[in-house]
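Trainee: If you read the protein sequences in the order shown, they are chains W and L.
Taking this note's numbering, I'd label the letters of the first sequence as residues 1 to 608.
Taking this note's numbering, I'd label the letters of the second sequence as residues 1 to 313.
Don't read these hints as lab results, they were simulated from the structure.
Note that CB positions come from ideal geometry on N, CA and C, so glycine has one too.
One or more of the hints may lead you astray.
Unchecked claim - What follows is a list of derived Cβ distance ranges for each label pair: (1) W:Asp102 x L:Lys290: 26 to 34 Å; (2) L:Phe253 x W:Phe508: 31 to 39 Å; (3) W:Arg580 x L:Gln287: 27 to 35 Å; (4) L:Ala18 x W:Ser351: 44 to 52 Å; (5) W:Asp520 x L:Ser254: 55 to 63 Å; (6) W:Phe508 x L:Ile7: 50 to 58 Å.
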Amino acid sequence: MLDIIIAELLLAILITFFVGKKLAAIIAFFISLLPLVALLDWASMYGFKFISFGIEKSMNIAISGITLHLAITPLSWFFGIMIFSLFPAIMLFSYSFYDKNDGFYPFMLLALFSSFGILLARDMLTLFLFWEMMSWSSFILIYRNKDKEATIIYLVFSTLSAFLIIFGILLLYSQNNSLLFSEINLTPNLETVVAIISMISGFAVKAALMPLHVWAPVVYSKSDEPFVAFLAGGLSKLGYYGMFLFMFSLPGAKIMEEYFSHISPNYILAVIGALSAFIATIIAFMQDDIRKLLAYSSIGQLGYIAVGLGIGSQLAITGALFQAFNHAFFKAVLFLAAGAVAYRTGKWKISELGGVAYKMPITFTIALLSIFTLAAIPITSGFAAKWLLYEAAIKAKYIFVAPIMLIAGVGAFLYSFRILYGVFLGGNNHPDIKEAPKSMLAAMFVLVLPMIIFVIFPGYALDMMSRALSDAGIASIPHTVFTIKTSLASYNAIAVLITLIAALIPAFLIYKSKPHRIVDFKDNYLAGEIPSKYENISMHAAHNFYKPVEDVMKPYFEPGTIEYYKGIYKGLAILSNTLRKVYTGFTQDYAIYVAIFLLTVMGWLIWL
Amino acid sequence: MVIDLIIKIAILTGYAIAGTAIGLLFMGIGRKIVARVHNRVGPPFYQNFIDVAKLLSKKTNISHGWIFDLALLFSISGILLTLLFLPIGGVKLLSMDGDAFLVLYLLAIPSLGFALGAGASGNPNAGIGVMRALVMLLSYELPFVITLIALMIYYDTTSIAGIVESQHSQWAIFIPPFLLASAVADMALQGMLMEQPFDIPIAPHEIASGPMVEFGGKYLGSLMIYKAISIVVETTFFVDLFFGGGVIAHGKFSGIVNFISWLVLIFIFFTLALLINTAFPRFRIEQAFKFYWKYETILATISLIWVYWMVIT
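Just chain W, same shape as in the assembly:
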């Protein structure tokens, strides 16, 4: 049955090339449900029973002497459920977002197909093959927008990532003489450690971890929203899937700790993750382009996952997986909401937007919920994830990581409000727009559901994660449906929620005690004092919003990371230019080179 699913996916990629945009969207939507159906069928290994088609759990495909080993594990199931539940919703969104079919659907389906392959891969070659296919299909999707900078930067960083990964794979292969995960035995020696570090850096490129993040803001701001939602929400998680695979499923993290006695790369990964969260957060609230803001916010939120993997304790990894799960949904919703706003207003700059919420209240409510999750407000599931990570940092006594992570969490409030105020509230700049189309609203609503469910029942999310973790030999943390307990404290989600509802009663009584009158925006504190010639002035104070902090902080962020890469590029160019001068074009010079070479060889032989 698995072969039928794979064949149907490939067939759909072909068909969507040739059909019209509406039909392509519908086909893509239904085909993208297939991996989800497979996952629901495989949920039986999680103890759930939704449907049973009896889809086989593993399959080997032999192509001209190479065997691709495919099988499902609890960990890939967990990552799969977040990536594949995003996809149909994004197809639903694109249904009204695009007005022609110009290669979006086939390549999106190819990206879906390759991520399916990455998750099922049970040997390193298959993993690499599908990884490249995924990078390539996203490259085409970025290329569609004909932006030179974004295309080149993505190509360069994908190549870097591929090099690092294949280097690690070759090193591991030379050690073990096998590509199968099940046959790899890691031993603490230099080659293995270098291989693991190289792999982690390769995957970190896709996960947009600092300082390998520079492609993300450019690509996210120069591509179409539906694709960016999938890239930021889904595909970036594959980077962390790869890291998790080599750090915990194959115990790379343990090997590194054994090899390095003092400061292990795990600790460095945690520090990089925390710094990534912190720096990206600061940069995020200085942005004026909403896509760039969301891109930096994405880098920051993904940094938390790296912290979790770096700390590597049971608490931290659970928190990291929870954060990955939340991030997949809220970031996809936010990118889609930004897309919906741009679809109606045609604007990306926060300072030019404003007042959208009054005309698009449903979009606003959905965005508000995901922003609450992003900012980890305790009435959302975002809090449980961050809370686990904070607890883990305190328990491990990481006194550098913990404060930085916490202050990055506070910084998230700042850019959250930048989105809320700049885009949705403030002066009424858009009196003539309409609510987003129904298919867009449906897409966003579907994606917001997991956030609502796991706020009340964080235990269910932890159940899912603990089964994924038990595969890597990590025990689950004690929890019930509503509460999570650690050795430091406990968190009761339902107590917070019930108390909040109870506390809303007096507030509601005050609210209902006296009637109120709803007035226009011009009817405010300045009432009647606006001179008539300024009457149409924008009442939206969103330009240079965080100027005071910006003035203080900006010097510390100059020059940006990209300047360092440009420096490396310039250095390489100078070096190559110098080396090029060896080729003078005169035969005598080449004869001299040969003579020098021969003399050196002779001298070496004599010395021996």
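Given the structure of chain W, go ahead and fit chain L onto it with the hints provided.
Mentor: Coordinates of chain L only, in the frame set by chain W:
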């Protein structure tokens, strides 16, 4: 079981009402103290009760739509929620169901609700005010969380109830690194309470009271209640962390004694904030930011490293 639940609800309701009353009383006394420093007579100490009653009974209430109304709903409910998750005078209330991180994030609920309402009012002053408030939040949280982490590492718990219990024999303030940390945290408290020199977000002379510029009637009244409870919440948080929640007695009448000692302690720190308030002019926002992220953070880091060194040796 049911009776236990009813008793618990009654106790929580009682503390919620007491918190509101104490907050309003403190605000009134505060006005009196400030007036005396200014060599004025000042309003009576119960003035704020009158003010709230007046505002809540206004017939004319102006709203700017449903998002504006969120300010009223979430400011009161959010701050009450936070109050109940703090141990007060050794009484744990709901603090076993959460910890210090939860309280830090719960404090964001009323502010975010308030910010939403302010944003929806469409007045540029409100937007600027909220921006200032958020920058202040970012500023004072850094030194504050560092001191908080120092406490958590020392007592090996993140729960406030746990920290309070660990201080039964000795308050944290009597341990040298925490004396330094408490000085830092007190300055953060000054920012939290939005007293001068850190009253930048509500600066009446610059941005017309900032976020609350469009609020009137029941909306302003509810914000006054929010302000009153937040005074109690913030000072209690501070007292819980460094003064063991004011717990001094463990005997028969310990409940009342501890309650009174808690009340005295939070009053002392509120008064201290007020006295600093009367003596200083207002910082500009970037000055406040630099103050917290430079000097305060350095001091806080010293105390954290000190504590870390004490713990690992």
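Trainee: Next, verify each hint and record whether it holds.
Mentor: Quick rundown of the hints versus the structure:
1. Range check, Asp102 (chain W) to Lys290 (chain L): Cβ separation about 51 Å, and the 26 to 34 Å hint is violated.
2. Distance hint check: the CB atoms of Phe253 (chain L) and Phe508 (chain W) are about 38 Å apart, consistent with the given range 31 to 39 Å.
3. For Arg580 (chain W) paired with Gln287 (chain L), a C-beta distance near 54 Å fails the hint of 27 to 35 Å.
4. Our hint of 44 to 52 Å for Ala18 (chain L) and Ser351 (chain W) holds, since their Cβ atoms are close to 46 Å apart.
5. The supplied range of 55 to 63 Å is met by Asp520 (chain W) and Ser254 (chain L), whose beta-carbon atoms lie about 58 Å from each other.
6. Evaluation of the 50 to 58 Å hint for Phe508 (chain W) and Ile7 (chain L) yields a failure: the beta carbon distance comes to about 25 Å.
Going through the hint list in order, the structure does not satisfy hints 1, 3, 6.
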